[in-house]
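Undergrad: The sequence shown begins at 9 in my numbering and counts up one residue at a time.
Treat each hint with caution, since some may be false.
Listed below are the simulated BS3-like cross-link pairs for lysine-lysine, each with C-alpha atoms no more than 25 Å apart in a straight line [stated by the list, open to error]:
no.: 1; residue 1: 311; residue 2: 225
no.: 2; residue 1: 277; residue 2: 311
no.: 3; residue 1: 323; residue 2: 183
no.: 4; residue 1: 277; residue 2: 323
no.: 5; residue 1: 311; residue 2: 183
Don't read these hints as lab results, they were simulated from the structure.
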Amino acid sequence: STASFCWSDEKLIELIRSNLNARRLASLFMRPGQKDGTIDGDMCLTTLQLERIWPSLLKLPPINSPQGTYRYEISLILPAFRERGSDIVTKAWRSFDSCRHPERVQVVLVDAGGCTELEEASRKLGGGWGEVKLVKFTDGGGRGPCLNYGANVSDGRIYTFCHADSTLPDDWDVKIMHTLCHMHDDGRTRANSCAFLLGIDTSEAGLNGGPYPPGVKAIETTANIRTQLYSLPYGDQVISLPACVFNYVGGFPDQCLMEDYELVSLLRKRNALLPKFGCNDYKEKLVIIGDGTTLCSPRRWQKFGVLYVTFMNSKLVNLYAGGMTPDDLFSRYYGSFPP
């Protein structure tokens, strides 16, 4: 019962901050009417006390937080599912060429199954980067658990999540570091995450001998308008977060689809609702890096066509927003049971 515990505000803050699930709850339940609750089944907080300590719970740890030890400035996390090692090498070397300080970057290649030649690929990528680490993810559950697994074995101060079929813009490492390690809006706002603008690789190499999908440039334009107007990037725009922020908000949800949508939604909720909880001297935002474009593969538009992919993406987002579970979405989209 509540009477069983007589913790001070400082002790409660310490206890909640030390627990991953409790920290994520502190971020998720940022709405009026959801301030009561039980944390870990042991700590029943009264509404009055929780309201009093709420601003302290919500503030993110500094990027130079002593809670972690970092061997690299950035961990570039590449989840791979049914990919060819030779294709990953090609994309990764392009990102290497556009990286100003590759020796400060750790590449974490996560083999989620169905891939070929990944061990050979990791050996070929070994020179120049700070480290190349190949790990196998066998627990299942889809992209969310796979990305979290990659983060758990990473040693970078910043986690950069990049699709295996994407390439990064010039000086991408410097742009990410500058965005996340400096204050914005005259020192009043902190970037809790960042992403690049979207590009689709329609070069000869990008098309890989396949057809040019008509209308694909309109996808770039509309996606970037959405991104800049609403700060709503998707996973193929290379989402980056400080490791301490990623861990503080609980990482990606353990779901097979829409994990990027869910994490970005959580970060946007924080940005919008912090002032409502009395954090007027503390602001956050998700920053879109306007002078950098990540290039993703056009293969899904080549295979299914622009209209079909656009329709299905919109339909999935609407179904998810309407309450359909990620597992049901997976079954509908892929026609098979979720992983």
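Undergrad: Now look at each hint and say whether the structure bears it out.
TA: Quick rundown of the hints versus the structure:
no.	hint	in the structure
1	311 with 225	holds (16 Å)
2	277 with 311	violated (35 Å)
3	323 with 183	violated (33 Å)
4	277 with 323	holds (22 Å)
5	311 with 183	violated (33 Å)
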